[in-house]
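Residue numbers (the working numbering), protein chains in the order written: chain A, 1 to 316; chain B, 1001 to 1633; chain C, 2001 to 2314.
By construction, these hints were calculated from the structure, which means they are not laboratory data.
The reader is advised that the hints may include incorrect statements.
What the hints assert, rightly or not - Listed next, with one range per pair, are the computed distances between beta-carbon atoms:
no.: 1; chain 1: A; residue 1: Ser179; chain 2: B; residue 2: Leu1198; range: 29 to 37 Å
no.: 2; chain 1: A; residue 1: His149; chain 2: B; residue 2: Glu1631; range: 41 to 49 Å
no.: 3; chain 1: B; residue 1: Phe1112; chain 2: C; residue 2: Leu2068; range: 52 to 60 Å
no.: 4; chain 1: C; residue 1: Arg2007; chain 2: A; residue 2: Asp122; range: 38 to 46 Å
no.: 5; chain 1: C; residue 1: Trp2160; chain 2: B; residue 2: Leu1198; range: 49 to 57 Å
no.: 6; chain 1: B; residue 1: Glu1631; chain 2: A; residue 2: Lys302; range: 47 to 55 Å
What the hints assert, rightly or not - Over the 12 Å line for every Cβ pair with chain C, so calculated as not near, a few chain B residues:
no.: 7; residue: Leu1031
no.: 8; residue: Asp1052
no.: 9; residue: Ala1062
no.: 10; residue: Thr1116
no.: 11; residue: Gly1123
no.: 12; residue: Ala1172
no.: 13; residue: Gly1195
no.: 14; residue: Gly1318
no.: 15; residue: Ala1397
no.: 16; residue: Gln1461
In this text the structure is predicted, and so the values were computed from the model without any measurement.
Think of the CB as a built atom: it goes at the ideal place given N, C-alpha and C, for glycine as much as any other residue.
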Amino acid sequence: MTAAIEARNLSKTFGGERRWFGRARPPVCAVREVSFRVAAGETLGIVGESGCGKTTLARMLAGLLPPSGGRISVDGKEPRAGAGPWGGLVQYVFQDPLGALNPRKTIRQIMHAPLRHLLGMDAPAREARVAELFDAVNLHLAFLDRYPHEFSGGQAQRIGIARALAANPRIVVLDEPVSALDVSVQAQVLNLLADLRRAYHLTYLLISHDLAVVEAVSDRVAVLYCGAIVELADAAEVFARARHPYTRLLADSAPVPGRPPAAAAPGELPDAPTRGCAFAARCSRADAACRQRAPEPVYTRKENYVRCFRPLETPR
Amino acid sequence: MSGARFAASFAALGALLLRHRLAGLGALVLLVVAALAAAAPLLPLPNPDLTDLANRLQRPGAPGHPLGTDHLGRDLLARLVWGTRLSLAVGVFASLIAALAGSCIGIAAGFFGGRTDNLLMRGIDMLMAFPYILLALAIVAALGPGLLNALYAVAIVNIPFFARSVRGATAAIAHREFVDAARLAGMRNWRIIGGEILPNVAPVITIAMSTTIGWMILETAGLSFLGLGSQPPQADLGSMLGEGRNLLINAPHVSVVPGAMIFVVVVSINLLGDGVRDWLDPRLRAGQLSRPAAVTRIERADAGAAHRPDGALLQVRGLRTRFVSAGARTQYAVNGVDLTVDAGQCLGLIGESGSGKSVTALSLLGLAPSPPAVIGGGRVYLAGEDLLAADFERLRAIRGRRVAYIFQNPMAALHPLMTVGAQLTEAIRCHRRMPRQAALDEALGLLRQVRMPGAAARARQYPHELSGGMRQRVGIALALANAPELVIADEPTTALDVTVQAQILQLLAQLRRERNLALIFVTHDFAVLSQLCDRVAVMYAGRIVESGPTHDILARPAHPYTAGLIRCAPRLGGGRRPAAIPGLPPAADRLPRGCAFAPRCARRREACEAGKVASTRLSAARRVRCLYPLEAA
Amino acid sequence: MRYCLKRLMAVVPVLLGLTVIVFSMLAFLPGDPATAILGPYATPDNVERLNRQLGLDKPPAQQYLIWLGNILQGDFGRSYSLNRPVLDEVLERFSATLVLAGAALLLCTLWGILIGVRCAVAQYGWSDRLLTLAAVAGISVPSFWLGLLAILAFSVHLRWLPASGMFAVYGGGGAADLVRHLILPALTLSVVATGVIARLTRSAMLEVLRQDFVCAARARGIGERRVIYRHAFKAALVTIIPVIGVQAGFVLGGAVYVETVFQWPGVGRMLVQAISTRDIQLVQGGVVVVAASYVLFNLLADLAQHALDPKIKT
């Protein structure tokens, strides 16, 4: 069976190109050698702290940013390099729901754009399809003639989701879809996304900094640190039975009601990745080998792996 | 409504009207002048170029020549009208040319970025390397004197201004998410420029035009004044002025009148332009450019009613804060909040955005920004003293000394151009007089207390050189600088990563124990709150809907909203789908009459929406504002 | 320090580009300079000889390089109309312009900032309204007209101050005389820039006063005066300083009008005369010197801003 989406050694480096005057800026590695396969209908959660390359990865997967190295294949096909976003296959739901809607267009104009440009539908067909989509995300058709500023964050995010679905994509990249929303609205949107996945047989890539959201929604979870996946495991056990020390640190740091504040590990995300394992400087288990070489993936199960020389023993 | 309130709202309204009245006045004058200029061929005016040496240098008011005549006996009124016509036309065309060329360059540079941007903007920089008018002079020198050449020169000189502002606006928009969305919707570059970028850049172009059109009229007139623009016998206002200059002493009207006309035209254009800017700039429209005062405006409707403060460190009774702005509905953010914090106690104030929790925190020391905030009632007793009745000096002595704040975004709350050490010593020395060195030593001690690695070196750094976590440590050190009794922390970990959040929470817990600090911890996250706080107060639509011991409420919430808030956030290891609360919180400018949560509540009955719901005591430590609370305790 | 060097290096291409623009603009102009010099009755023979003499028969690129090489050696050529070396004339005139423009820049910076801060502090008060209105009037007034009015009022009617020149013709000289002659033109020249700086300072201060760090400073109990004049003003200066750099360009350029009105023997008046007489070498020399000095001034403004704002690290 082919994967719905597969990334092989995907990398992205910013900077490094020569400027007109002066020296070249040092290159910054935003995403390093990321590989994963996501089966059709599966949800892969991608979790990490700010600056770990989550959004860069997401934008590459949606074709909004050309990778510096590696490959992406969707449904076994490789979208042509440099062909721009492959909107008909992969769609994107943005973090800032209002920022993703052009303030000077009506919702109708916004909703019609993908139907017209990607699917080439005529006006009556577009109207019918929009009505169907709005029904699916529980929005009123009267909203179509309004402008984005008239909506709350939760409503705007529903519009953003409806627009993403309009193109009939196989895969939807959800970039922090609920982090800009209020707590009480977050759950509404998460539940809507879960319902839509079932109804439209979608594959999700859910990017978030919120461990609990990722755990609740995903089938499998990739933990990103300094641009590399340090652990890829099933959602049910990634935090409960962490194998990578960084995953463990994340899980311990997440506040849980009733649990006293964790004895926090020192340090923060480094500015520039060092030689060897990027986490070594903060890791209590690191030894000389960790600081010398970057660890390769060690496969734990068919598709799951951990990038660590000295993974934690999982308590049985 | 008090007299002061009336006066203040009238002043604000007056300011608004004044600006718009001035813009209206500018528009009116401009309209009249432009209409006269446009109608010049139809008006019963003598030929402006007809010389009549017998009647030269007639004073204004001479028969047949209302404004007199010039040195060749030409009628000044006719020349003025025709000259205005010419000057206006040249100014408008020059600004259109500059706007078109500049916007094209700016949009191309901003949208495509990279090499294109570099090349185009280097060219613009070259143009900007010339002092403004000098470039126009050089261009006229190359093209030769003449009105059309002056027009080109002035237009070229103004291209950089358009190019730069449009480029800035375009680059900001080109990276917005809706442009990515348009790409994903299959739109190509040119369609994106036309459909997504241009409509959003248009206000910037309009603003730039409204700023520059006045200059351009001035500059073309100036070139004509120097004899490099319009050539005789054709005359615009500038060349009239230039010709009349030699007669300044004997016949001042020949030069003063056309100059006054230029002034009137340009002033009216600029006044109108200011109005256009106010109207187009969303920040100005929202009244956000008002300067917040040092203390929130206080207009307590319940000035007479006094409560008896008890022994608590902080006691808040019936606090009300609203946001009043001209031309918008009043937002009722805080609607009668009661809080009590004892010495050494930690109170968690939880709610969604818009629930009024941050406004409550800021109102306690009069820090809610006014305008638009107004404290409309209530008492804030600090150890028995009503802070809302204190004068500014008294309040200032308490701020930072006895009650201190920690803000959500440490980057924004620290002065960007002062070193960490300077800000700390300043905070110390503004309450306690001591030599600079002693204060610096104390500052270093504080940095060590907040576990800042390499304290001495960090003190010499600027906020932007620190990581997010370290910045918040500085924020905490600043709050602790004068050993306050109470610290109010407004979402201090929301902007931080989860591992850093854990560090900061641990630090706060530790410091609280060591110093027996009272803490008000404002947050939207029950999980974070439960790690730190003994007691919790849940806010919804500006009211406390439930309060009590944290573990008690977490285990057995009484208010349906509290229960919903606990259930709707997914928990790590919870393994279940979150249960959503349906609907949206009410808008703060249209609060329902009864329970604000009733429209979203599954337990709603008629009585809930009929009238105000009072807070009732559930047990010794718990209160709830609900007619039909869940089974509790 | 590294920033200074980098910034200095960046000036070189700008200066080079500037000379290219000046040269190409004036070298390809439609009229023939030799014809212009020799007058309409010159024989074609004479014209060709003069062209050769001026090097105008060579290809443009070569002409430019020769011209640039000469400039770098301080040889800007000879002015046809004045019959003296261009550089001597330009430097003499430019020093007079510098006195005028420097005084005006000082005035507009001082008054502009004072008025702007005053307006921001008393926002929507009467002083704010009056001063903002005055600032609008200031940016709208044609300086050549304002100069004439000033002469009418203070020289013709009140006879307080001299109307023209830099020194009195008889018994002139000395600093006091210079200042007396300087007052009217410097004030006239500073009006527009004062208006611009005042408006900008006002909005920059209002913008800064809304920011979180001002609220945070107040929350620390820091006095209102210190909050406004130290915290807010310091942050506002970062946006004000570049505008002062731009205003220096306006003042230098605006000097053309004021010099013409007040017969100030500056470079602006010289340029206008040179353009009328088509004295190309003089125009080129004047434009290059003034523009280059403006570029250097902006360099100073940049360095000042850098000293103030530690965040700029490019």
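Hints, verified against the model:
no.	hint	in the structure
1	A:Ser179 x B:Leu1198: 29 to 37 Å	31 Å, holds
2	A:His149 x B:Glu1631: 41 to 49 Å	43 Å, holds
3	B:Phe1112 x C:Leu2068: 52 to 60 Å	33 Å, violated
4	C:Arg2007 x A:Asp122: 38 to 46 Å	58 Å, violated
5	C:Trp2160 x B:Leu1198: 49 to 57 Å	55 Å, holds
6	B:Glu1631 x A:Lys302: 47 to 55 Å	48 Å, holds
7	Leu1031	17 Å, holds
8	Asp1052	25 Å, holds
9	Ala1062	21 Å, holds
10	Thr1116	18 Å, holds
11	Gly1123	8 Å, violated
12	Ala1172	17 Å, holds
13	Gly1195	31 Å, holds
14	Gly1318	23 Å, holds
15	Ala1397	7 Å, violated
16	Gln1461	9 Å, violated
The structure does not agree with the numbered hints 3, 4, 11, 15, 16 stated previously, though it agrees with the rest.
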